[in-house]
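**Student:** Chain by chain, the residues:
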Amino acid sequence: MIIEALIAVTFLAALVTFVLPDRYAGKAAFALSLAPVVGSLYMWQQYDASGNALLGGNIAFETDVVWLQLGQYDIHWMVGVDGISMPLVVLTTILTTLAIVSAWTPISERQSQFFGLMLLMEANLLGVFTALDFFVWFIFWEAVLLPMYFLIGVWGGPRRKYAAIKFFVYTNIASLVMFIGFVSLVFGLGDSITSLRLPEIAQALQAGQLGSFAGLSAGALASVAFIAMFIGFAVKVPVAPLHTWLPDAHVEAPTPVSVMLAGVLLKMGTYALLRFNFTMLPETARAFALPIALLAVASVIYGALLALAQQDLKRIVAYSSVSSMGYVILGLIAYTTYGVGGATFQMVAHGLISGLMFMAVGVIYNTTHTRMVGDMSGIADRMPVTAGIFVAGAFGYMGLPLMAGFAAEFFIFKGAFESTVMEAMPLFTGAAMFGIVIVAGYLLFAMQRTLFGPFRFDGDYDITEAPFHDVAPLAVLLLLTIVLGVSPDIFFTMIQDAVTPILELGGAF
Amino acid sequence: MTPLQSTPEWVATAPAIVLALTGLALLLIDTIDPDSTNNGLLAGTATLGALAAGGIAGWFLIGGTGMESTGGAISLYGDALVVDGMSLFFTLIFTSVAAMVSVASYDYLADQRYQGEFYALVLFAATGMTLMGMSNSLATVFVSLELASLPSYALVAFLKEDRGSIEAGLKYFLIGALSSAVFAFGISLVFAVTGSLVLPEIAASLAEGTELVGVLGLGVLMIAGGFAFKTASVPFHFWAPEAYEGAPAPVSAFLSSASKAAGFVVAFRVFTVAFPLGTVTSIGGGSVDWSLLFALLAVVTMTLGNFAAATQQNVKRMLAYSSIGHAGYALIGLAAITVDGGAANGDVLGASMAHLFVYGFMNTGAFLFIAMVEKWGLGRTFEDYNGIASKAPIAAAAMTVFMFSLAGLPPFGGFFSKYALFFSAIESGFWWLAAVGAVNSALSLFYYSRVVKAMWIEEPSANLEIGSQPVGMYVAIVFAAVGTVLLLPGSQPVIETAQTVAAALF
Chain A
0 MIIEALIAVT
10 FLAALVTFVL
20 PDRYAGKAAF
30 ALSLAPVVGS
40 LYMWQQYDAS
50 GNALLGGNIA
60 FETDVVWLQL
70 GQYDIHWMVG
80 VDGISMPLVV
90 LTTILTTLAI
100 VSAWTPISER
110 QSQFFGLMLL
120 MEANLLGVFT
130 ALDFFVWFIF
140 WEAVLLPMYF
150 LIGVWGGPRR
160 KYAAIKFFVY
170 TNIASLVMFI
180 GFVSLVFGLG
190 DSITSLRLPE
200 IAQALQAGQL
210 GSFAGLSAGA
220 LASVAFIAMF
230 IGFAVKVPVA
240 PLHTWLPDAH
250 VEAPTPVSVM
260 LAGVLLKMGT
270 YALLRFNFTM
280 LPETARAFAL
290 PIALLAVASV
300 IYGALLALAQ
310 QDLKRIVAYS
320 SVSSMGYVIL
330 GLIAYTTYGV
340 GGATFQMVAH
350 GLISGLMFMA
360 VGVIYNTTHT
370 RMVGDMSGIA
380 DRMPVTAGIF
390 VAGAFGYMGL
400 PLMAGFAAEF
410 FIFKGAFEST
420 VMEAMPLFTG
430 AAMFGIVIVA
440 GYLLFAMQRT
450 LFGPFRFDGD
460 YDITEAPFHD
470 VAPLAVLLLL
480 TIVLGVSPDI
490 FFTMIQDAVT
500 PILELGGAF
Chain B
0 MTPLQSTPEW
10 VATAPAIVLA
20 LTGLALLLID
30 TIDPDSTNNG
40 LLAGTATLGA
50 LAAGGIAGWF
60 LIGGTGMEST
70 GGAISLYGDA
80 LVVDGMSLFF
90 TLIFTSVAAM
100 VSVASYDYLA
110 DQRYQGEFYA
120 LVLFAATGMT
130 LMGMSNSLAT
140 VFVSLELASL
150 PSYALVAFLK
160 EDRGSIEAGL
170 KYFLIGALSS
180 AVFAFGISLV
190 FAVTGSLVLP
200 EIAASLAEGT
210 ELVGVLGLGV
220 LMIAGGFAFK
230 TASVPFHFWA
240 PEAYEGAPAP
250 VSAFLSSASK
260 AAGFVVAFRV
270 FTVAFPLGTV
280 TSIGGGSVDW
290 SLLFALLAVV
300 TMTLGNFAAA
310 TQQNVKRMLA
320 YSSIGHAGYA
330 LIGLAAITVD
340 GGAANGDVLG
350 ASMAHLFVYG
360 FMNTGAFLFI
370 AMVEKWGLGR
380 TFEDYNGIAS
390 KAPIAAAAMT
400 VFMFSLAGLP
410 PFGGFFSKYA
420 LFFSAIESGF
430 WWLAAVGAVN
440 SALSLFYYSR
450 VVKAMWIEEP
460 SANLEIGSQP
470 VGMYVAIVFA
480 AVGTVLLLPG
490 SQPVIETAQT
500 VAAALF
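The listed protein sequences correspond, in order, to chains A and B.
Be aware that the first sequence starts at 0, since it is given in numbering that gives the first Met the number 0, and climbs by one per residue.
Be aware that the second sequence starts at 0, since it is given in numbering that gives the first Met the number 0, and climbs by one per residue.
Hints in this document: simulated from the structure, not taken from any laboratory.
It is possible that part of the hints are untrue.
[What the hints assert, rightly or not] If you anchor each label on the Cβ, the simulated ranges turn out as follows:
#1 TYR161/A x GLY376/B: 24 to 34 Å
#2 GLY376/B x VAL482/A: 56 to 66 Å
#3 GLY376/B x LEU11/A: 30 to 40 Å
#4 TYR161/A x LYS390/B: 16 to 26 Å
#5 ALA206/B x LEU11/A: 36 to 46 Å
#6 THR243/A x ASN313/B: 26 to 36 Å
#7 LEU211/B x ASP63/A: 50 to 60 Å
#8 LYS390/B x LEU11/A: 42 to 52 Å
#9 GLY452/A x GLY376/B: 54 to 64 Å
#10 GLY214/A x LEU295/B: 37 to 47 Å
Ideal Cβ placement from N, Cα and C applies to all residues, glycine included.
Chain A on its own, in the form it takes in the complex (with noise of 0.2 Å):
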């Protein structure tokens, strides 16, 4: 029951938020955000999985009960974790209440709906990582979108509606795609399975009792809907090259709903690519390794060269992130237990790392009103703490060792070194390594010019330290950020517990 009191308590949050004046609304949202917080650390601390959730494991805090008879298949309410959920559902927790905070500064209209928006989209969030029924993962995650409409087109920048409405139609599409592609596969499955759980369609997809649907032969089959699928998440995660959608969303989105699309909107869709495309249809994927994987090592590169090129900060991190998510595919590819954890555990760091960061954009942008890199100089003298932290979040970003990004990225690249899905697979991990370079390149190009050097600025702001309320969640990622780094296994031991069943199927052996 403790999922449904979280997924509740955190609905109710946002519904008491809708109604508070504004004055109190931020403060109170905090406040009230603090008890899905203690809630997931608490489901941490008491987490007994074991095993894949969708191949058969010991679920954690599972409900199982009908909710529809409709047709052939039931629908049940069935929600439960395990180790690839349970580290997402407290980066979720965590990572919503310390941008709320990060919102007190920046949010100046209309905060009671802003913040009531942010903690509604945390339920739905909460709710697409635990559910495990179709139907009830499918409205959540439909859900989740509503929120963040929102949030870019009322709260965004000068182009807000056009990214919003981007964004929108992008994923809605995308959703559509997947869809039908998983819709097929049940309908595949025919009466082999009599309800649209998660565990027994992957199940009966494991015992091969795929049929034929609509004129298409079993393998078929599972291509068309592993394709659809692919598609589906990609747009969400985003691979490029169906990524056009997020600098223009990143840009406009005020900083702490960017922190949320970064931070945990895009681990929607890896971690629905590892639930549905890895776990499900393992042959297929590896059929399928040699675009995945170029499709990867091309995002890597693509989104780093493109960051590269960028001269707004916050467009720099944001193509990162699209540098960073390919990495994540990489490891999803390789099949292996540090390939697909090293993922997962990538997921979170990367959910920390890339918060962090938009926060420090975005604390810098408070005081100066500006993100252009040439527009200031030795930000660094007037900002230590705030320039501080973002160099500390720069160095996690390229992988320094102690920090998140290095042990998720490192169990990446042994994972796929590792990998034995294709022969070239060596081959396109160095490739992908070379984004780590690049990397560097671009974050140490914009702090030598932003923060280092003589003071300078265009601007008619004065440039002071900010105040606490934006430096506290900060400095709370980057250390969040460094405990993760320095024992993985917080994480890591119960996310490599949940992916082996998945590398049994498909093929490590």
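Add chain B to chain A, keeping to what the hints say.
**Tutor:** Only chain B this time, still in chain A's reference frame:
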């Protein structure tokens, strides 16, 4: 057990009787003191009457009146009327829409004359619709259809000073008269072939075979045309945008939700009972395959409605076309029926009924929001909606719910009903129909989200003023919005009832 088990059978028509009596009572109230009208009393009476009729229908549904658990459909007046689960289910739709419209009209009619007549006409039209749901003979179908239509014509033209309203009423009336004529001619052809007007007898006669396949086919086609008019489906949809746009917005809500559902209930009953697919396809080499006809109509209707809606600048007109699109979705219920479908037939027809039920809430709510905007004196284009959310956040939030639900986005009732509809269509083997529906549904998000964007994201124009906060309209809109949201978690009873009562037809 059946409620009122020891009572005479005609008591089963109680919902229709209550509606008709309420209509008469309204006229009586208005006659007692014709010089002064008590709007509150009239609206209250109309709402209570509709709610009472709906309550009785719901009670009967739960109790199982006319359903298999208590001995099957109750047949009245020599099989002219039948009370079964489907008629009760649709009565629930008509009365809930009528109640919402009555409550909202309290504010809309505040400065108008002839208030008593307005409410009475709504109630009489609802009576006609309820009778349409019960009709078991082509004669009663025709009569009740006219009983529902004639008040509707008057309601559309209710704003006598408004050229648009008069024009809309005239167009609606002329096309309505034409389609009635076509419909009556179709009935006569079917009568010529089968020698009966009672639906089960027509089926029995057809089962023995007939030489007059061409006449029968033409008759069926003309009857289908009559339904296409009533449900605003292609090719008799032309009146709908004009009538919905010109009519007072509460009347548009009533017509596009309840009247459309009434058209569907008759179509469902006539085609499944009088012309069972297995029977008619075995005549004359399967040339009278209405399933194929409705599949074509469904695809054309939903696509045309969607694309036309996407090009509108006027919100009310956009909703009118969207209502045509939704008729296309509901037609899937008939199109996906197969000869050897068995339980799948009941499932898909029931899913279509459930969609009409959900649609009754979300579409009525959307039109009532437009009524509120008209009341505020704002314009009808998307630009006129800019920034409404900053002045009236609750109403705008409700409208957002309606728009996203109409688009079929989770987490609202519209998602559930479309999901059920498309899924059961696939189970019947019509995956291509479901795919067309799903793609259309995704495209529809484009124009629905424009309303949302205008209300929340666009800057309000400098002189955006909202005068009053009409209580009745708020009540109706919030009620519809809560219903639309709750129909997702609470969809089990709706879909279960709908599929059970639909299965009884096969």
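**Student:** Now tell me if each hint is right for this structure.
**Tutor:** Here is what the structure says about each hint:
1. With their beta carbons about 31 Å apart, TYR161/A and GLY376/B fall inside the hinted range of 24 to 34 Å.
2. Take GLY376/B and VAL482/A: their Cβ atoms lie about 60 Å apart, and the range 56 to 66 Å holds.
3. Checking the proposed 30 to 40 Å range against GLY376/B and LEU11/A shows it holds: the Cβ atoms sit about 38 Å from each other.
4. Look at TYR161/A against LYS390/B: about 25 Å separates their beta carbons, and that is inside 16 to 26 Å.
5. In this structure, ALA206/B and LEU11/A break the distance hint of 36 to 46 Å, their C-beta atoms being roughly 59 Å apart.
6. At about 33 Å, the beta-carbon gap between THR243/A and ASN313/B stays in the expected band of 26 to 36 Å.
7. LEU211/B and ASP63/A have their C-beta atoms about 58 Å apart, which keeps the hinted 50 to 60 Å range intact.
8. The hint said 42 to 52 Å for the Cβ distance between LYS390/B and LEU11/A, and at roughly 27 Å that hint is violated.
9. Taking 54 to 64 Å as the suggested C-beta distance range, the pair GLY452/A and GLY376/B conforms, at roughly 60 Å.
10. In this structure the supplied range 37 to 47 Å is violated for GLY214/A paired with LEU295/B, their Cβ-Cβ distance being about 21 Å.
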